[in-house]
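The opening position of the sequence shown corresponds to residue 33 in my numbering, with each subsequent residue numbered one higher.
Since the hints were derived computationally from the structure, they do not count as laboratory data.
Since the structure is predicted, the reported quantities are computational estimates derived from the model, not experimental observations.
A virtual CB, placed ideally from N, CA and C, is assigned to each residue, including glycine.
Warning: the hint list may mix true and false statements.
[Unchecked claim] Quick list of simulated restraints, FRET-style, between CB atoms:
id: 1; residue 1: Ile119; residue 2: Asp187; range: 35 to 45 angstroms
id: 2; residue 1: Met311; residue 2: Ile119; range: 22 to 32 angstroms
id: 3; residue 1: Met305; residue 2: Ser182; range: 25 to 35 angstroms
id: 4; residue 1: Asn232; residue 2: Ala190; range: 16 to 26 angstroms
[Unchecked claim] DMTMM-like mimics (lysine to aspartate or glutamate), calculated; alpha carbons at most 25 angstroms apart, straight line:
id: 5; residue 1: Lys80; residue 2: Asp286
id: 6; residue 1: Lys151; residue 2: Asp286
id: 7; residue 1: Lys112; residue 2: Glu79
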Amino acid sequence: MRRAWVFFGLSTNSILRPQYLTGATLGAFVFGIATSVLLPSNVYSQEKSKFSIVYAADWPPISYGVGGEVDGILPRLMGKIFTGNNIVEVVHHGLPWERAQHLFRQGKVDAMVATPTTKRLSHSARSAEIAIQIPFQPIVRQGSELADISLFDEDLSALKHYRFCDVLGNGWAKEFYGKRDIKYSVAPTIEHCIQQLNLNRVDIVIHALPVLEVIRAKLDLEIELEILDLTVDGGHRFPLMVSNKFEDQKRVLDSFDTKVTDWQRTNRLNEIMEELVNMEKQKVGS
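With the hints as extra help, turn the sequences into a complete structure.
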């Protein structure tokens with residue numbers, strides 16, 4: 033145990049020269065030594081900074097739950113990555129996605145794991161390594177003409193007159209559909225989009241494969257809706273983004289990259305992801 037030598041204002045000379053130690057001074061000196069022996073070292077060490085990571089509150093199985101009750105693949109993964117670090121104490125928050133992004137822009141939360149859009153990187157820095165990689169695939173009604181994957185070229189030029197749906201405030205959707213000049217309707221959650229698809233109010237939804245699988249099973253629409261075996265836009269590679277307002281931004285990103293690089297080298301990252309995905313699948317089936 034590290035000892036912090038506390039002398040309560042005594043000069044070095046007065047300590048080294050016994051003739052200057054009065055009764056009161058000697059008592060203070062002895063108390064100081066006793067304190068240094070009895071108190072643990074962490075009393076004198078600086079406490080870890082709180083590091084808040086924000087997640088979508090309604091994006092199962094990736095993340096779900098409000099406030100500190102947030103759960104899912106991503107919060108659990110980030111918790112494991114930061115376990116044992118000596119820089120920050122991670123605090124997880126689940127919020128409606130638009131609200132989460134707003135707070136991140138303001139620097140009122142410290143980090144998020146999402147698509148590193150130009151707008152987000154204007155007020156944050158990203159990790160070199162990827163926190164999580166998720167394939168984005170289309171889901172359509174069973175028997176739809178859109179089941180023909182040859183229609184899905186890079187620009188989706190053959191699909192511009194179809195009805196798309198995505199989540200309100202999704203930065204990726206704004207960039208993806210904006211580049212292709214495709215209009216789309218917005219919904220509070222992706223589950224609402226899937227319900228609209230089943231009701232023939234939209235024609236196609238492109239979203240994260242694990243999310244589509246869970247929602248389709250939850251709504252008992254596995255016969256009615258078909259997930260196409262096609263990854264759109266190369267899938268999603270989500271890094272950790274840390275606000276420019278967070279004081280230890282570089283140290284946190286370096287620590288994150290070191291841990292993830294090591295896990296990739298040993299295949300530990302794939303093992304953990306498989307464990308987390310299986311946990312969520314079991315929840316749906318229970």
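To see whether the hints hold, each was checked on the structure:
no.	hint	verdict
1	Ile119 / Asp187: 35 to 45 angstroms	holds (43 angstroms)
2	Met311 / Ile119: 22 to 32 angstroms	holds (28 angstroms)
3	Met305 / Ser182: 25 to 35 angstroms	holds (31 angstroms)
4	Asn232 / Ala190: 16 to 26 angstroms	holds (20 angstroms)
5	Lys80 / Asp286	holds (16 angstroms)
6	Lys151 / Asp286	holds (22 angstroms)
7	Lys112 / Glu79	holds (20 angstroms)
Violated hints: none; the structure is consistent with every hint.
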